[in-house]
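On the provided structure of chain H, position chain E as indicated by the hints.
Chains as they are written, first to last, in our numbering: chain H, -12 to 390; chain E, -12 to 390.
Everything labelled a hint here was simulated from the structure, so no lab data went into it. A few of these clues could be false.
Any copy will do: because identical chains look the same in the list, a pair fits if it lies in one copy or spans two.
[Stated by the list, open to error] Straight-line alpha carbon distances no greater than 25 Å define the calculated DMTMM-like cross-link-like pairs of lysine to aspartate or glutamate that follow:
(1) 336 - 108
(2) 329 - 355
(3) 383 - 354
(4) -1 - 232
(5) 276 - 315
(6) 153 - -11
(7) 349 - 380
(8) 55 - 75
(9) 383 - 356
(10) 48 - 317
(11) 383 - 355
(12) 55 - 232
(13) 320 - 75
(14) -1 - 228
(15) 48 - 315
(16) 336 - 72
(17) 12 - 346
(18) 268 - 350
(19) 153 - 227
(20) 48 - 337
(21) 12 - 345
(22) -1 - 53
(23) 268 - 354
(24) 336 - 75
The lines below spell out each chain.
Number of protein chains: 2
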Amino acid sequence: MDIINGGVCAAKGFTANGIHCGIRKNRTKRDIALIKSEVRANAAAVYTTNLVKGAPLTVTKNNISDGKAQAVICNSGNANTCNADGIEKAQEMCRITARELGIDEKDIVVASTGVIGMPFDNTPIRNGMRELVSGLGDNSQLAAEGIMTTDTRLKEIAVKFTVGGKECKIGGIAKGSGMIHPNMATMLVFITTDCAISSEMLRKALSSDIANTFNMVSVDGDTSTNDMVTVLANGMAGNEEITCEGEDFTAFMQALNSVTVYLCKKIAGDGEGATKLIECKVNSAKTDKDAKLIAKSIICSSLVKAAMFGADANWGRVLCAIGYSGADTDVSKVDVSFVSAKGEIAVCKDGAGIPFSEEQAKEILLEEEIDIVVNLNNGEYNTVAWGCDLTYDYVKINGDYRT
Amino acid sequence: MDIINGGVCAAKGFTANGIHCGIRKNRTKRDIALIKSEVRANAAAVYTTNLVKGAPLTVTKNNISDGKAQAVICNSGNANTCNADGIEKAQEMCRITARELGIDEKDIVVASTGVIGMPFDNTPIRNGMRELVSGLGDNSQLAAEGIMTTDTRLKEIAVKFTVGGKECKIGGIAKGSGMIHPNMATMLVFITTDCAISSEMLRKALSSDIANTFNMVSVDGDTSTNDMVTVLANGMAGNEEITCEGEDFTAFMQALNSVTVYLCKKIAGDGEGATKLIECKVNSAKTDKDAKLIAKSIICSSLVKAAMFGADANWGRVLCAIGYSGADTDVSKVDVSFVSAKGEIAVCKDGAGIPFSEEQAKEILLEEEIDIVVNLNNGEYNTVAWGCDLTYDYVKINGDYRT
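Just chain H, same shape as in the assembly:
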């Protein structure tokens, strides 16, 4: 499997674009993105578990209930959530897009991200649609920019892989970077592939993948109302359609996983205000559930996150987060170490502190990617979760986001 260029346009038959249409006041910020497949594609999606759901999610869910879609339209700057006329507005957004593309409005995946509870107006989208569609091309980066909110970095990736002797491609774009917490589809991620795979197997691949990828990311513990992950598979690679488990499905799953893990790390590392990507590896848990509870508890702890910001090897906070995670584990068996490009340092053995060089720990923790490695010595299940540090800038960004 090789990483290639092209993002969501890497796979055959996909084009994209992103422009500023006027939803945001800042004219230098693209605020709408479009991804189109040449042919109708099989589609799968997962959605936030928040009871408050953005109107676009409801419309998308309905639109792809037949397992098919041909385009993705997504704006930033307004979440179209908690608006009395939200569903109507999201449907109108589909209609405007479908008309210009000359496709059925039921084949549109619609998404919105931004402020909750602000009246939504389709006028800028209507006015900008011609420009957006006429610019469709190999423009994954423009689309990736169009969906960014407080993200500081564009997030895209593509890989190529082989299924049934045919070269296939899969790529994705994503946006973070606040209101992100492990609970089913906690961000916007759009993935495209030319691999032929049935809607049913696509859904299966996506839902089993996210349990270990997007659901293991947390920036701030807030599960968003709007976020989702979708995959469009248009079959244009020409492989025999994957309709069951087996070698081909495994190859697809691996390719999908390499895209999703990459995007997870990018989302976590670009969390609001973050200066560091924190990867928490929990090993030897009694159950998969325990491993996940503990990994999430650690990456969600404000105290652990603030310690990482300060490059402080305060492992007691890691133990504390294990203790309140709700997982069933013997805390007197826990080992903890910190790892980065500068090396590895063990700080806790059998649940108690061991002597270590604060100087060396500091050097390790000053890096931009830190692994917190926890060995529970309690079973056979391992997991990984991704998060970031808690910084002054997180507070700054969120202290007055709307104005």
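Only chain E this time, still in chain H's reference frame:
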């Protein structure tokens, strides 16, 4: 019921003291506190639910298993947690205290707060014990200072009330102010009363009270390993001992509740880095559990907390936190308003935004005490939770706490 002076020394027969003995390097900071009852008292306590428990909690639990205690010893600067010899050291701390007081070491409540996983040394306590004991007197404030960690304000209160025609007093001291999250005894609180009440009824009063008080406070979502709430009742007010429910028990419960609610607000308002006390009132929930889940979810949301810091009426984040709280409620019925000394402003009705003056909202939210009032219109259960805003200083305090 009247508020009176004296804190933990308000009730008859209680004396206290707090000094710097040398656990902390900063010589201007008191680091040990002692509270003593003239006679053996009935005792009750609740402890953290964190699986990682400070050694002092285990020793205290054992010491008061007979429902009796006569003194409280508590240091700050070192949590005596995750140390292989922690229990031994906590027992030694009891022995040192008991010897100087001339009482049984099994009648000591022992507590520690500070950094986790730092070796604990009783030498400064041994050296300072004579001074600590000889200074016992009407010194509740010195004891309150001795247990402070990152607290910026001393927390003490006392009230008088009447039981069976006798005047009784109850008072308490508390420390916050980080690692505080609703889950059974999430801080250090020591309460004393001269009211005569059996151990059994004292336990009952405490455990029913904390469900609506200390368990409804959150500063940062981290449930500490060390914190507890204890009450000593020495009976010196001379009332007939309360041994069952009834008028006297109700009077005691009310007095206890006025002390605990006051301390809850002080702890939340003095949360690490906090500039504001946030009181979240959730009304008309289907069940008590739903009301509590929602209130806690709102006060724990980093995004809500950061918005409060910025005096930003971002009610969408309140809706979002309701949506992921896990409570069973109809989000399309939810009303939200913000209230402070400057007035009240409704911002959301039936789950959707309503027009409001941003200027007036700002004026209301710039106050130091903010109520977020949520009406679920879904049942008969009401609750209150206390929290604080998320600020630059929280990050600063926790970015390098150990050094």
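Taking the hints in turn, this is what the structure says about them:
{"no.": "1", "hint": "336 - 108", "result": "between (57 Å within a copy, 20 Å between copies)"}
{"no.": "2", "hint": "329 - 355", "result": "within (11 Å within a copy, 45 Å between copies)"}
{"no.": "3", "hint": "383 - 354", "result": "both (23 Å within a copy, 19 Å between copies)"}
{"no.": "4", "hint": "-1 - 232", "result": "within (24 Å within a copy, 76 Å between copies)"}
{"no.": "5", "hint": "276 - 315", "result": "both (9 Å within a copy, 24 Å between copies)"}
{"no.": "6", "hint": "153 - -11", "result": "within (14 Å within a copy, 83 Å between copies)"}
{"no.": "7", "hint": "349 - 380", "result": "both (22 Å within a copy, 22 Å between copies)"}
{"no.": "8", "hint": "55 - 75", "result": "within (21 Å within a copy, 66 Å between copies)"}
{"no.": "9", "hint": "383 - 356", "result": "both (23 Å within a copy, 21 Å between copies)"}
{"no.": "10", "hint": "48 - 317", "result": "between (42 Å within a copy, 20 Å between copies)"}
{"no.": "11", "hint": "383 - 355", "result": "both (21 Å within a copy, 19 Å between copies)"}
{"no.": "12", "hint": "55 - 232", "result": "within (21 Å within a copy, 65 Å between copies)"}
{"no.": "13", "hint": "320 - 75", "result": "between (56 Å within a copy, 19 Å between copies)"}
{"no.": "14", "hint": "-1 - 228", "result": "within (15 Å within a copy, 83 Å between copies)"}
{"no.": "15", "hint": "48 - 315", "result": "between (36 Å within a copy, 22 Å between copies)"}
{"no.": "16", "hint": "336 - 72", "result": "between (57 Å within a copy, 14 Å between copies)"}
{"no.": "17", "hint": "12 - 346", "result": "between (47 Å within a copy, 20 Å between copies)"}
{"no.": "18", "hint": "268 - 350", "result": "within (20 Å within a copy, 46 Å between copies)"}
{"no.": "19", "hint": "153 - 227", "result": "within (9 Å within a copy, 88 Å between copies)"}
{"no.": "20", "hint": "48 - 337", "result": "between (48 Å within a copy, 23 Å between copies)"}
{"no.": "21", "hint": "12 - 345", "result": "between (48 Å within a copy, 18 Å between copies)"}
{"no.": "22", "hint": "-1 - 53", "result": "within (23 Å within a copy, 75 Å between copies)"}
{"no.": "23", "hint": "268 - 354", "result": "within (17 Å within a copy, 43 Å between copies)"}
{"no.": "24", "hint": "336 - 75", "result": "between (58 Å within a copy, 19 Å between copies)"}
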